[in-house]
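Each residue of the sequence shown is one higher than the last, beginning at 1 in our numbering.
Source of the hints: derived by calculation from the structure; they are not laboratory data.
Hints are not guaranteed to be accurate.
List time: in silico SDA-like cross-link candidates among lysine to any residue, alpha-carbon distance up to 25 angstroms [unchecked claim]:
#1 LYS6 x ALA59
#2 LYS123 x GLY75
#3 LYS123 x ARG137
#4 LYS6 x GLY62
#5 LYS72 x GLY153
#6 LYS72 x LEU41
#7 LYS6 x GLU141
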Amino acid sequence: MVTWYKTVLCAWSTFEAPGALCFLTYDDEHHRIAVANVPTLAERPAMAVGLEHIAFTYATLGDLVATYERLKALGVEPYWTINHGPTISFYYRDPDNNQIELQVDNFATIEATNAFLAAEFPKNPIGVEIDPGDFVRRFHEGAPESELRKRPGTGPVRLDAVRTM
């Protein structure tokens, strides 16, 4: 688990008791993630109620694309890629099957995001799936970021249509 988060987030340990506890960070914070080995805990059953996902936001679309390419080269690929409207999101599963969302904001201001959330988001609160290979190809071909960030119009999407892999 520690290796996975170090790889995906380019994190490093700030404290490590091998086999017991590890604090990880990717910035100046003392820790962003704590991984603990508690042998008395049982495995969580699949499809159980609990944490839905954790999101990490990148500063630029280029940063998200570079992360996707770096991880893909290491054999770590997203199981779901989607333009939610407010964000473009690449979803991964960690070794414990937790969903990790790597995202970039599609709007420059919170006001623009809120305007989208009020007007368009209720029509489709899930988003439109995107093909990551095609998306990255278009990015490198110089497609305008405004075009890449724009969510295509679609009808309503039901929550039960969301991938649960």
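Cross-check of the supplied hints:
1. LYS6 x ALA59: Holds: LYS6 and ALA59 sit about 19 angstroms apart, inside 25 angstroms.
2. LYS123 x GLY75: Outside the cut-off at roughly 35 angstroms; violated.
3. LYS123 x ARG137: violated (29 angstroms)
4. LYS6 x GLY62: holds (20 angstroms)
5. LYS72 x GLY153: Violated: LYS72 and GLY153 sit about 29 angstroms apart, past 25 angstroms.
6. LYS72 x LEU41: violated (32 angstroms)
7. LYS6 x GLU141: violated (30 angstroms)
This entry does not satisfy hints 2, 3, 5, 6, 7, going by the numbered hints stated previously.
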